[in-house]
Every structure is written in C-alpha cells, then in structure tokens.
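Residue strings, one per chain:
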Amino acid sequence: MSRLRMAGSRLLGFFRKRRSEENLDAELSAHLHLLTEENIRRGMSPKEARHAARREFGGLEQTKDAYRERRGLPFVDTLVQDVRYGLRTLMRSPGFTAVAVLTLALGIGANTAIFSVIHAVLLRSLSFPEANRLVLIWATNTTNGELHDVASYPDFEDWKAQSKSFANVAAFTTRGAILTTEKQAERVSAVQASAEFFDTLGVQPELGRAFRSDEQQPGAGRVVLLSDLFWKRRFAHRPDVLGQTVRINEEAFTIIGVMPPGFEIPPGNSEQIYMPMVRDGNRNHGFLMVLGRCRRKVSISAAQAEMDLITRGLAAQFPRSDKAVGANVVPLTDAFLGPARTGLLLMLGVVTLVLLIACGNVASVMLARGASRQREMAVRAALGAGRQRLMRQLLTESVLLAFAGGTAGLLLAAWGTRLLVSLLARNFDIPRLGDTHTDLWVLGFTLLVSAAAGILFGILPALGAASADVNEGLRESSRSSTGNLRGQRIRSSLVVMETALALILLSGAGVLLKSLLVMRGTAPGFRTDNLLAVEFSLPRIKFAKTPERLRFFTSVLNRVEGIPGVRSAALVADLPLGGGEDGLGFHIVGRPDPSPSTSFQASFNIVSAGYFQTMGIPLHAGREFTEQDSVGTPGVVVVNDTAARRFWPGENPLGKQIILDAAQPPLTVVGVTGDVRQRSLGVPPKPEIYLDYLQPGPDWPWLVLVARTTEQPAKLAGTVKAVAASVDQDVPVLRTSTMDEILSSSLAQPSVYALLLGVFASLALALAAVGLYGIVSYAVTQRIHEMGIRMVLGAARGEILRLVLRRGMSLAFAGSLIGLGVALAARRVLAGMVHDAEASDPLAISAVTLLLLAVAFLASYLPARRAARVDPMVALRYE
Amino acid sequence: MNPPRGEVLQGTLDLIVLKTLDALGPLHGYGIAQRIQQVSEDLLKLNQGTLYPALLRLEQRGWITSKWGVSDNNRKAKYYSLTRSGRKQLATETETWERMAGIIARLLGAEGA
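First to last, the protein sequences are chains A and B. Just add 756 to the spot in the first sequence (first one is 1) and you have the working numbering. Just add 23 to the spot in the second sequence (first one is 1) and you have the working numbering.
Fair warning: there could be bad hints in the mix.
As the list claims (entries may be wrong) - To spell it out: a stretch of chain A is covered by chain B in this simulated footprint if at least three of its residues, at any positions, have a beta carbon under 8 Å from a beta carbon of chain B; those stretches are: (1) 782-792; (2) 816-823.
As the list claims (entries may be wrong) - List time: in silico DSS-like cross-link candidates among lysine-lysine, alpha-carbon distance up to 25 Å: (3) Lys1412(A) to Lys1442(A); (4) Lys99(B) to Lys820(A); (5) Lys1053(A) to Lys916(A); (6) Lys1270(A) to Lys1442(A); (7) Lys820(A) to Lys90(B); (8) Lys42(B) to Lys111(B); (9) Lys90(B) to Lys42(B); (10) Lys99(B) to Lys803(A); (11) Lys90(B) to Lys111(B).
The hints are simulated quantities; they were obtained by calculation from the structure and are not laboratory data. Ideal Cβ placement from N, Cα and C applies to all residues, glycine included.
Chain A extracted, bound-state conformation (with noise of 0.2 Å):
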C-alpha cells in the first residue's frame, strides 16, 4: 500500500516538476531566512549570518539534487538529460561520431547478417505443435560406430511396442518417387510413412484425410496425400482434388487428402506427396527412419537409457540380424540441422570477434577523449555531479553512440544477408535458408548486442573519467596527469588484444585458404573437360529386377555413343566426386583373411567396358574391360594403384585372384589403373576395385552414363536426354552435368568457408591495424613535446623513427604472440572444415603472421614518420 503511494506520488511529482521546483525553492529559501535571521540575533553583522547559516544547512545544490532525485522520477529524468547532453557532445565532433558509428556498423552489421540466417534456420522451432518432444531414433552400428543409420521394419515395431518413454512413433522413408503425367516423367519428393506419421507430428490434413494403417497392406495403400504446394502448383487450390488419382511409380494413386500450408518433412522440401509405407518383414533391411514423440516431462536421455534397454534385448533375441544394433535418440531439430549448425554458429564466433575488436577500438578512442574531457568532468564534479551520475551520463553516451552504429549495422546487414544468404544457398544445401528476413528476433538481437556492445566499450572510459580527481582535473592540463598515463596503458592492452582477436581469424582464414589451393591443385586423377554425366531415376517395379535394369542401361549406352559429337561413352555406379562410395569385405585366394572376422577392406565401383578410356583415367598395367567380358566369360576386376599398393606390395596383382562371394568362382585381376579422387578432392583415394556391370556382383539400382564429347559437352545434354527417352519414356533423367560443374561444385563449400572468413579476418585486419595506428599516433601528439626535446639534444631523425616503431611494434608483437597461441589451441574447431590439411599448418599460420605484422609495421611507420619530420622548434613550442 505505502509502496504504491510512493509510486503515485512519484508519477505525480514527475509530471508537476515546475510547480514543485517552485515550492521547493520557496522552502529552502525561507528555511535559510530563518536560519539568517536567528543568527543575526545573535549578533552576526547580515554578511556573516548568511555564510553562517549556509554552511549550517549544507550544499543548497546537492540539497536539492537528493530532493528532486526522491521527488519524481529521476531515472526517466536523467535519462533524458543525459541522452540530451550526449547527442549534442556527439554532434560537437563530427568526425569522431562517424568513424565510431561506422566501425560499430561494420561489427553489429556482420552480427545482426549471421544471426538473421541462424535465426530462420536453427532458432525457429520446427513447424508442428511441442515439436521439442519429436525425436528421431537412429538405429546404430556398433560395429563399424555408424551413430545415424535407418532402421529395420521389424525392429521399428518392436521399439514401438516395448517403449514407454514415446506417446507416439512412427517410421517413414524419404525416397523420391516418379510422377508419371501424359507429357512426361518427373522425379518428385515423396514421403512413405507408417499410419501413425502424422499423429506423432502432430499434424492433421487440413482436407480430406490421414491413411489409416490397414491402408500399409500390400497392393491396399494406393492412396495419397499432397502438400500445401504441390496442391497449388499442379491443382490451383482446387477443392475437387480429392478422389481423382495420379500415376506415381506406374501405378494409380488416389489422393485423399491436402496437409495444410508449411507442413514439410524434413525442411526444405515443400513441394511434396505422401504415401502409406509397406511393412517389410526382413529384419536385415534397414531403410527406416523412426519418428517418437516423447511423453511430456520424458527427456531425451531418459528415452535413450529406455532404447538401449530395448535394442539390448532385441540383439539377445535376433543375434543374426540385430547384435549390433542400437538406438540413438536425436532432437528432431538437431537431426535436421545439425550440419548446417556446426558452420553458422561457428561464423557467429567469427563475427563476434570482429565486434569486439571494433569494440576496442571505440573504447580506445573513448578513453583519448576522455583525457581531454577530463576539465569538463571535473567540473562538472565540482557543481555537485556524484560520481556515479558521471558514470551513467558517459555510459548514456556510448550506447547512444552504439544504438546509432547498429541502425547503420542493420541497413548493412540487410545488404549483407541477402549475399550470405544467395552465397549459402548456392553452395548448400541448407532447409529454412530462404525464410532468412528481418523480423522482431533480428530488431531485438541487434538491439541487445548494440547495448551490449555499447556498456563494453563505455565501461572503461567511464570508470576512467569518473574516478578522475576532482582537484587535480581542475587545475592540471590533460596532459602530464597520471590519469591519462593510466588510460595509455588501458589503451594498449585493447590494441594487444584486437591484435591478438584479429591474428586468431587471419590463421583460421589462412588455414582454410591453404587447403582450398591445396585441393585446386589436386587432379582428379581424370579429365574432367568435355565429359558429360547424365543420372537416371529408374522407376522400381518396372526395373525390380537386374536384366531389366541392364537392357535399359545398354540400350542408352548404345544409342549415346552413336550420337554424333559423343566420342565414347560408359557406365559407372559411382561417379568420381560425387561422394558416393561403396564398401565390401572382399578374400584373396591364396592368402589367409587380415583376422578371422574381418576380411581384406576395399571401394567397390561398377564400371562398363571403355570406362577407364571415356574418363581419361590412365592404365599401368593390363587392360580394362571390353566387350568381351560378360555374364559367361571368366569373372574379371580392374584395380587401382592404391589398391595394388595395399594388397599385393611388391607383386604384379595381375593374375591374382579375389573372392567376393563365395558362392561364385573367383574374380581374377586383369588391369591396374591410376587413382581417381572418388569422394572428393580433399579425401585421399582409397584402395579401389572395379567390376563389370555385366559380370555378376553386388547389387547395383542404378548407373550413370558419362560421355566424352567432341565439343562442348553441356550442348549435348538435350539430345542425351532424348536419346534415353526414346529408349524408355517412363524413365527420367534427374540431371545432367559435366564433369567440370561438378569439379567446381565440390569445391563450392570451401570456397564459402574460406572466402566468409577471409572476409571477416581482412575486416577484423583492417579495424586492427586502424586501432594500433590511433594509438601510435595519439602517443606522437602527447609526446610531441618530448620529441622536439630530444632532437635538440641531438636524437638523430632516425632515433624517433625507431623510437616510435618500436613502440607500435611491441603491440603488434605482443598481440600476435597471444593472438598464435589461441589459434594453435583452437586448431580443433576448424578441424571440421578442413580435410586433409592440417588445421594449425605452420606455412599458412606464418604467412598470415607475417601479413599481420606488415600491416601493423605500416600503422606505426606512418605516425612515427610524422614525429621524426617534426621541426624540432615547432614541437618545443607545441603545447
């Protein structure tokens, strides 16, 4: 009750300040009169009675200040103040408001660009209702330590049945299938899900209906369901989709339902259908990834202990097929952004660092101003401004001045996030990227770090000037007082540490930069001009079984090569640098297995005869497969070198014999061929063996077919692409490519990595070395004095010179040598981004080191070049 009183009397007294002002006045002065005037009875002449009775009441000022500071509301009133009072010191030195409010632009424009990216594609939650109780449950293989597999038929019932920790679970895949309209065949994005898909998501069609899970019987399920998009896009938003059917597949599907606007699974992928999933009994076959929602107050972990539990009996009871099978339960979230995670928030860091360098450099302008604010300070202190009063009114200050670098920053970030985002979206393949916009989350975060931003750089120079002594501020000039020589020093740890900061980003950029030559220079062991690479999507019933598969792909590879421009053309299961790779546990006859549960290890990739001739790929020794080798003829293999290398040291693996299966006669092999960059340029090759795709072997569910042309290979695509339709107009090819586009792709993410970096670093480089060249100079200015002294007593011009070289140099040493061990101690983050090349690489690191050390050599020579032209007789007399 009493609190409110106040509070009102507060409000009240805010609002009638001048009529309260006037009162106060009247009853300090009649207060004083009576204090006169009984001193005077006293017998004091008028003159003394008055002193007297001042000294009795006090300070009038201060008085007042303590009455007014209870009366209304004097946070609100000195705000203002004081943000009056800073915009007008602020607008007195142009210059130094702009260079301020451009640096914090650059540092909060960076921030506020890479938070607005994170925020639309990592804060964001996934659109469906509590969608922080979904989880993703991997199968995992203890074996080989796969923390991300997908998950059998039979084990996904079984976790469904046996776990408490889930109010619902649901299993689906996200196979594209083929949509088959009376013009063409298209590959399309579709989900096929168990009938609990979308109550464990939480999410209901918003017309027609969900599948029902007697819809999973085989030959039952020819329903389907469409997103929001695809429904606009090939339905205008019809009502009357429902009930008519679509081939998808080969088959007619009837659509039973719409799912409502921004339903996708995962993100990214709006424009696609859903189908009710088959039940496969085969507990080898894992194709499954299972979707819980946790019960409320279930965590994760608890959910985990649960399925480790489960997938514990599950392997007891299924040896064959489950021993090593477990579980790992993941956010949804994380599962579905967890890559993208790692390089956004580890570009965060990255721009962080640039601010806070700016930030230095602010604070180390500040505190030069604050020296020679200190006459006003002290001042102003005399006139009875409490210490803190200063403090707060100079803190005003710098977040006015931060607020007004981050409206600049937000009109640069909002440049800068439409590049980020056109760069990123080229290059990666990021859900959400394109939802990046400037929203209240992005205001509010530029607000806070612009605050944030504006009490680190104020700090110190309000500490500084509010502690200043009074007396001293008063009658010294700035520029002996020991204060300033404290500032001095507060200025140079800033430049050591922006030194160091910027030192940090510069080898993280050089190191990737490093790498990213390192890979240009890499050959691919291939020529990679005038090839073309066309994929096929194979729709699975007509092409269940391999024959079919092989007339269709030898049909295209027929008819390809007649085309005229098409000097050869081959089949390959894994196309080089396309990251695809295959792994089998293969024997050599003649020669025991490595151990007794583990075979010889090796890539495998499915080839046609001419392969090795149509890439350029070079043969060492022996021959690659030609026409001769088929289903009937002896089965044969093509190694490459590393291959050679691994298993047969010092012997001519010509002749010597494999088994990949032991049910069929061993493979013999007949050529040896150079190593060819399977992964990717950064990923050294492993040992590698080829079969022919005509001989018996592992499954393959697709080929690509790659032609070396005779001119420009991207010209051909069209006639490609018609050629195989004529062959078979229900299959369509998902892309065409040549080999140089998927050469430069594969180094696209580096690139972005190498390039946002190096961006950054050179930015962090430059405010750096704007830091170290204020200081320098500012301590030529002070000591310009000094200088004149010197070379009248005879310092020779070089000595300055040297003298305030040294000076610079010294930061610039001291920061790199902070700034090296950080990056040393750091070297795991970047880890990640690079492959082979080691992250702390000493060439790289010294480069940058030096590059840094330039830079600030030329900061402190050209201050130091003014102080050694200084006349010395203008210098004496500069005061």
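Position chain B relative to chain A; hints supplied.
This is chain B only, laid out in the frame that chain A set:
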C-alpha cells in the same frame, strides 16, 4: 574541547522527525532542524539540508502531510504534521528502537562484565 559530534545514524532520522512532530505538532523544516539540535544539545551533526529529502520520503510514505502556511516572520513556509499512519509507524519504530537499544545495551554490558 567539545566532545566529537556524532553523525545521525542511518535510519534514525525518520524516527527523530516523527517523534519531533508528535511532540510539538505541526512544524516547518527549520523548526524541526532547530528542535533536533536543541534536544541533542548540538551533539548531533546534521546538515540541515538533508532533512528535506527525508521529509519528502516520509510524506510519500503517507506518514506525514504538509500544508503551506505563514511562519513567525511572515514568510511562506511549509508545515508538516503527523498522520494517523505516521503515528502508528512512530509506535512501531519506537518499539523496534527500544528493543534494539536494549539488545545493544545488554551486549555492551555483558562485554564489560
């Protein structure tokens, strides 16, 4: 040589002002200051100015009210008087003070013995 003048103990100013108004009825700030110095026989060091923020605080709490009036020398002056809740507050604070003083006295006595 005068004995050293004590500072007004933190928090006791409220009690002193309330008690003064209780004893003397409505008074202006000068009157209160005079009275405090009289009673303390000048042993209490009080910057008279500090009285005013305190008066404002008491008024904001609702323990005293103020009215403009005319002083003895025909000047406009603000007169403060105790309210009902102020009287209650005085009772509580007196009690608290006496209890506190008793404790301190016992403590000091025990130490001396």
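Evaluation of the provided hints:
1. Judged by the Cβ-Cβ criterion of 8 Å, the region 782-792 of chain A is covered by chain B as claimed, because 8 of its residues qualify and three suffice.
2. Under a criterion of three residues with beta carbons nearer than 8 Å to beta carbons of chain B, the stated coverage of the region 816-823 of chain A is upheld, 5 such residues being counted.
3. Proposed proximity of lysine 1412(A) and lysine 1442(A) is supported: the alpha carbons are some 19 Å apart, at most 25 Å.
4. Simply put, lysine 99(B) and lysine 820(A) have alpha-carbon atoms about 18 Å apart, close enough for the 25 Å limit, and the pair holds.
5. With a C-alpha separation of about 19 Å, the suggested pair lysine 1053(A) and lysine 916(A) falls inside the 25 Å cut-off, and the hint holds.
6. Simply put, lysine 1270(A) and lysine 1442(A) have alpha-carbon atoms about 23 Å apart, close enough for the 25 Å limit, and the pair holds.
7. Our distance criterion of 25 Å between C-alpha atoms is met by lysine 820(A) and lysine 90(B), whose separation comes to about 20 Å.
8. For the hint linking lysine 42(B) to lysine 111(B), the alpha-carbon distance of about 11 Å falls within 25 Å, and the restraint holds.
9. For the proposed pair lysine 90(B) and lysine 42(B), the alpha carbon gap of about 19 Å is at most 25 Å, so the pair holds.
10. In summary, the hint linking lysine 99(B) to lysine 803(A) is supported, as the alpha carbons are separated by about 23 Å, within the 25 Å threshold.
11. The hinted pair formed by lysine 90(B) and lysine 111(B) meets the criterion: a straight-line CA distance of about 21 Å does not exceed 25 Å.
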